[in-house]
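Now for the letters of each chain:
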Amino acid sequence: MFDFLQYEMIQNGLFITLIIGFSAALLSPFLVLNEQALIADGLAHVSFTGLALGIILVDEPLLISMPFAAILAVLVKYLSQNKNINGDASLGIISTVSLAVGLIIIHKSSGFNRSIEGMLVGDIWTVTKTEILIAVMVFLIIVTFIVSFYKKLLLMTYDFKYAKFSGIKTSLLSYTLAVITAIIITIGVKTIGTLLITAFVIFPVLIGSRFKKGFKMTLVIGSLFSIIAVFWGIVLANELDIPAGSNIVIIYAIILLVLIVLQKFIKGGGYRD
Amino acid sequence: MEILKIENLNVTFNGFNVLNNISFSLSQGDFLNIVGPNGSGKTTLVEVLTKLVKPSSGTITLNTNEIGYLHQKLQTKKNFPITVKEVILSAMKKPSKQSNEEILKWLELMDIRHTINQNMAVLSGGQQQRVFLIRALINDPKLLILDEPTSALDPEFREGFYLFLHQYQKHNNLTIINVTHDLSDTLRKDSKVLYIDKTIKFFGPSNEFNAFEHGGHQHV
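Chains as they are written, first to last, in the working numbering: chain A, 200 to 472; chain B, 25 to 244.
What the hints contain is simulated information worked out from the structure, not anything from laboratory work. Warning: the hint list may mix true and false statements.
Short, incomplete list of chain A residues facing chain B, as computed with Cβ under 8 Å [as the list claims (entries may be wrong)]:
1. LEU232
2. PHE348
3. LYS350
4. LEU353
5. LEU354
6. LYS368
7. GLY413
8. LYS415
9. LYS463
All residues carry an ideal CB built from backbone N, CA and C; glycine is no exception.
One chain only, chain A, in its complex shape (with noise of 0.2 Å):
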């Protein structure tokens, strides 16, 4: 079941996946419990339009893609906070329009020799050695940021208004927060595709949350969990002859199901009440 892992190809896929699913899984509980489940979905719609613009333009797309996506997660912020459209609302306009640009883009290059599926399924076999220093690199950016303001950010997720009254700096860490999301969505979208990478962001945040142990263990169980669902989703997809991303988000669905399931029939353990 283990050889196929002896290619260095396939180490090289696991590695950026499980760097891609670690460092989501951090964010995961800072997005969704602030009610921005969506910010991964719309953000790996503007990473589509970066990510085309990027293999068109340089040999390394990320280059591009990333500060693109990176300036679009600040306008989106930008706008939720200081115009009157809704946050949801205002991340639906520049994701869609995003993603129209993106298409338009492909469709008017002769030059891109991209199939537009590779672009929304990913490709985690054909990953690059820069594009793994740059999530290795990226979700050092992260842990360092989660644990430098994990404070700050816990009492921004729960209590807002109090976080501002303490004196927390809440629109500068908002900002980081979608810009680091916008950059960590985009590598994802490269491997994982556009359309399976918001699994990464929302999955672990409910698997963690169905344990009721507190934040920080809810931050910690779903981050396991996400090494475990990247792992065996990999290793079974490439035993049922299946695609290794849409693989992985089946596994993580599977541990949510099972978990609730197993919340509704057994009483006690972790599931107190």
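Starting from the known structure of chain A, fit chain B onto it as the hints suggest.
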């Protein structure tokens, strides 16, 4: 010692005057109840004091930075995974190895020691409100600001809540500003009342407020 002085405070939102020419002062150890009809600017006034809202004009002199705050409409969402300990710890300015003991001491005082590791969402409204009161007091403030802390809770809890506050205030010489809809007997004892309806209609001791209420005359 004067802890708060507000002079000619005005707050305007989109061209509408929310607060108009508000001036009053409080001394250390005062218990002030702010009352007034819906939309009278009570919450805006405390949000100016907590720096959540910027005044359009006027001056506010606060002789302390140590402020505790319990804001309106606090309720933990059903699926939000956060423990009682995490809620209190996240507000502590200087968490240390002794923080756990300190939190337990506070929970004991509020008769909810057993909840320390429980999720906030499974606590009753009254228990959650006690946790939020601990959060407001945990950094040992000199001024405590409460915005309708008992509005969604039953009268029995309300009385116990305010009795505790009165005792705590006397023991610690704490200044309290409490926005309320319902000026109960407990709140009328040894307190000041500020009645506003965009502008000050009454400011004075609670025993004089009874006469104001019944006589309908203004005392500013």
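Results for each hint:
Checking A:LEU232 against chain B: minimum C-beta separation of about 6 Å stays under 8 Å; hint holds. Violation of the interface hint for A:PHE348 is found here, the shortest Cβ-Cβ separation to chain B being roughly 12 Å, above the 8 Å cut-off. Checking A:LYS350 against chain B: minimum C-beta separation of about 6 Å stays under 8 Å; hint holds. Against a cut-off of 8 Å between C-beta atoms, the interface hint on A:LEU353 holds, since the closest Cβ of chain B lies about 5 Å away.
Taken as an interface hint, A:LEU354 checks out: its beta carbon lies about 5 Å from the nearest beta carbon of chain B, inside 8 Å. At about 13 Å, the closest approach between the beta carbon of A:LYS368 and any beta carbon in chain B exceeds 8 Å, and the interface hint on this residue is violated. About 4 Å separates the beta-carbon of A:GLY413 from the nearest beta-carbon of chain B, less than 8 Å, and the hint is met. Interface restraint check for A:LYS415: the shortest CB-CB distance to chain B comes to about 7 Å, inside 8 Å, so the restraint holds.
Because the smallest distance between the Cβ of A:LYS463 and any Cβ of chain B comes to about 15 Å, over 8 Å, the interface hint for this residue is violated.
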